[in-house]
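Colleague: Chains as they are written, first to last, in this note's numbering: chain F, 1 to 321; chain P, 1 to 343; chain H, 1 to 332.
Just so you know, the hints here were simulated from the structure itself, not pulled from any lab data.
Just so it is clear, CB atoms sit at the ideal spot from N, CA and C, and this is done for glycine as well.
Where hints are given, some of them may not hold.
[As the list claims (entries may be wrong)] If you want a taste of the chain P side facing chain H, the calculated C-beta under 8 Å gives, among others: (1) 91; (2) 92; (3) 231; (4) 238; (5) 246; (6) 247; (7) 249; (8) 251; (9) 256; (10) 260; (11) 264.
[Claimed, not checked] Anything over 12 Å on all C-beta distances counts as not near chain F; from chain H, calculated: (12) 11; (13) 86; (14) 222; (15) 225.
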Amino acid sequence: MKSIQGSPILLVEDLSIGIKKSDQTIALTDGISLQLLPGEIHGLIGESGCGKSITSLALMGLLPEPGGVLLSGRVKLGENDIFTLQEDQLNQLRGKKISMIFQEPFAAMNPLIRIGDQMLEVFEYHQTEFDPDQKIRELLNEVGLTDHSRILQSYPHELSGGMLQRIIIAMSLLLDPDILIADEPTTALDVTVQAQIMNLIVRLRNQRKMSVLLISHNISLMAQYADRISVMYAGQIVEDNSVDNFLKSPKHPYSLGLMEAIPSLDRTDHKIKSIPGQVPEPASFGEECRFIDRCSKAFDRCKVMPSSKKSEDGSSYRCHL
Amino acid sequence: MAVFSSLTLDRFSRFRKIKRAWYSFLILSFLFVLSLFSELICNDRPYVLSYEGELYFPMFQFYPEKEFGGKYLTEADYVSLRNSDDFQKEGNWMLLPPIPHSPLHSYIDLEGSPPHPPSAEHLLGTDSSARDVFARLLYGFRICMLFSLILAVIATGFGILIGGVQGYFAGWLDIVMQRMIEIWSSLPFLYVVILVGTIYSRSFMILILVLSLFQWIGLSYYMRGEFLKIRNLNYVKVARTMGMPSMHILFRQILPNGLTPVITLLPFQIIGGIAALTALDFLGFGLQPPTPSWGELLSQGLNHLFAPWLAISTVVCLFTTLLLATFIGEGVREAFDPRASSN
Amino acid sequence: MSSVNSNKMVESLVKVRDLQTWFPVKSGLLGRTRHYIKAVDGVSLDINHGEIVALVGESGCGKSTLGNTLSGLLPIRSGQFWFKGKQAVNKNHLDHSVFENKSQIIFQDPYSCLNPKHTVYEILSFPLLHHKICDRRSVKDYIASLLGKVGMPPEYMDRYPHAFSGGQRQRISIARAIGMKPELIICDEIVSSLDVSIQAQIIELLLELREQLGLALLFIAHDLSLVRTISDRLYVMYLGKIVESGKTTDVLSDPLHPYTRALIQSVPTLDRTKPPVVLEGEVPSFSNMPKGCSFQNRCPNRTEACLLQPQPSLQQEREVSCFHPLTIDSQK
């Protein structure tokens, strides 16, 4: 596995996003820091409610509706500080520098408009030097779809989930972005189709030297396809490491818990062990470590929120141990 | 029962937060309850009457004319009594309600010809039969509200039953019933009302009955949709696999979840009822005279445009009532909006 | 031909033979049935007492249809179904009285399985009282014990479903199912919408309940890794048919059917030295099924023989429907 070098193409520093309700502001994410290097596939793993989707949308300058606020921190895309930009400047960046694909292919497309027309829409708002039709066909080839005319004439419901997700990937790459955010891109797909799509994403990364932020709840997916992994729990990054090191020895108790809880076909003798309890609600976040109620190794220092400890190998984790 | 789950309480508190709707609800309810006691507030009979040393309670008891120096055994005319010199001799007094007029009494002795303009005696004047307008508006309001409430309840009952059966059983039964409803709803209800009213008497209950034959149709469409939707939900499927009987599934599983259209539609049903009754009365096909009614007053207003207090006062009352009810309806709809539920 | 089960002496709890559930597709002016979606097309399986049997396949293979058919929600076109030795198919419906509530089903979506207007007490008590499992006096204690069995305190019975998370709701659904003292529970993807750490909790709970109550489970899932942790035996479904079956550990370590092997190889594991192998091609739609073996358009071993319909054959106590099954040796 070649090592990824270079200065980060996307830098998230201490990002905190909250929701403003009538009488109070609740912080949903707290001090998120991560960096995406050029050509890297960076995995962001977490279960529901950990804030990964909110974070991924924030990278594009999108805050939750209604009432989303930026509490602290910043997102730097190259030279641009995302949250200082105006809406039209952001719109220029979206699609061109940074692009996103989501979980449900059928929900991402307008069911009443043909595929070809939807793909052309991308060019309505962005000026480019190349010919739109040409570009569309090139990208359909890149994602492995050769029957151009049939596909461009079809409506979304006439195609399968796997094909549609490929088309969505093609759409997201029409403007040659440097970064692709893939938010649970294969969760709604069958495992055989998942393998196809993930293979495609890796191939595209290799060909285009693109960076990918891969968001998922599936550790095995990270193990197979990501270079680095950040683990999110209850609105915080609790561990950040290279995938190789992570798989050998996860540092944070939650990461350890996850590794114990998931079944994997290669671990034939492993008996899965669950993590007791549930994820705490944002409204109940306090001063103590957010994993304290579920952690088998909790001790009295854990009543104070641990900060992120950096190690020499470039990894970091948030624990007193 | 489970109807007042915390979800329902949450919706209720959301309704309360919509000030316009909540205050409208309070005002309208207060006025309605007040109107239920119309006889106590607005009556030409005194609460208490002292005549020649004895106490009488004409509001609650019948006294013949003879009792107070009259000749006959018919009920005493307290209006003429209070104006008569004989009564005003010392020692005699009567305690009258705040508005000492009855909606049915014609003040033919007043100066000029009816309708009489507003005066100190009659705050909103009199109508073309010299009856006090305020009294007629108040009693008319009560009749209006009672009519539309009862109508709404009956129509809702039918709507739930018929729409529910359609939605639950679906298939053939639904199609047949749907066609029948379409035919039924194309009947011009006004003619039916007129016909029935002419053949039978035009009483309160008959009018309600006839109108309720048509009022349920709108709600049944909603209920049909709700039942069709809910019967496919997993908890209904589970109830079926667990062998629960159809009656249980209909009434305990589906119905409590399908009541949202009932509640959101209720204020508008009431508005519809008020409008229907007023329209019928206006045309003369509604309640029998001399029943006090807004529609009848409106029609008088039209015929006596030079007596604007008739039309204006009625229109203002009608407008206010409908406006309050509309605000309530809006508020209910917003409170029940599933998209607005946070978390 | 009947499946081999590990205990030939004892009669199976469930015996299904050649079950067919077809959905007619009507079109044209007169609404005539043009063709059928053969969601379940000749499925045979056995479930023994106290056994956990998994049914795996990808979306559209018919596994949920099979689960719904076995619990009586869908009509049967043809086939036989024995429950505890008694024939349960009556014309084209399942005769519920044969089950006597000993077969229960739990569905995937925890958010629509509990009536939002009922408290947990009501949800659990309705069937108990109706089927006279308890009377009014004993039902509350019984419900408290059920909640205890699924790891919830008795106070929860006064709450409404919206107060609970997905995992907790599934526990309540499980409590509802075991309250009827069933011998079989059909679990239709019950953990698929839950978080990974919660999935593990539910799996542990099911295994515990199997120990305590001697339950048999038909565990319908698409996640092979999960299936290995819980099931004794495994059936693999593809486009309405069972393509392979056998002991779970055997099937997963040495698959005989090319589809099973492709499925196993597609699953990402924690072992970075073994990346998933991509199976190309798409699942054919039900209206466009190939003649013969339904897997042929994606199968690397396809030959002309595959234009005929393969039948299940026995290979060393395992069953596979393929003209060119992989042998145990060909794996290494």
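Colleague: Against each hint, give a clear statement of whether it holds in the structure.
Modeller: A quick look at each hint next to the structure:
no.: 1; hint: 91; verdict: violated, 66 Å
no.: 2; hint: 92; verdict: violated, 63 Å
no.: 3; hint: 231; verdict: violated, 12 Å
no.: 4; hint: 238; verdict: holds, 6 Å
no.: 5; hint: 246; verdict: violated, 12 Å
no.: 6; hint: 247; verdict: violated, 11 Å
no.: 7; hint: 249; verdict: violated, 10 Å
no.: 8; hint: 251; verdict: violated, 12 Å
no.: 9; hint: 256; verdict: holds, 4 Å
no.: 10; hint: 260; verdict: violated, 11 Å
no.: 11; hint: 264; verdict: violated, 17 Å
no.: 12; hint: 11; verdict: holds, 31 Å
no.: 13; hint: 86; verdict: holds, 36 Å
no.: 14; hint: 222; verdict: violated, 7 Å
no.: 15; hint: 225; verdict: violated, 4 Å
Hints 1, 2, 3, 5, 6, 7, 8, 10, 11, 14 and 15 from the earlier list are contradicted by this structure; the remaining hints agree with it.
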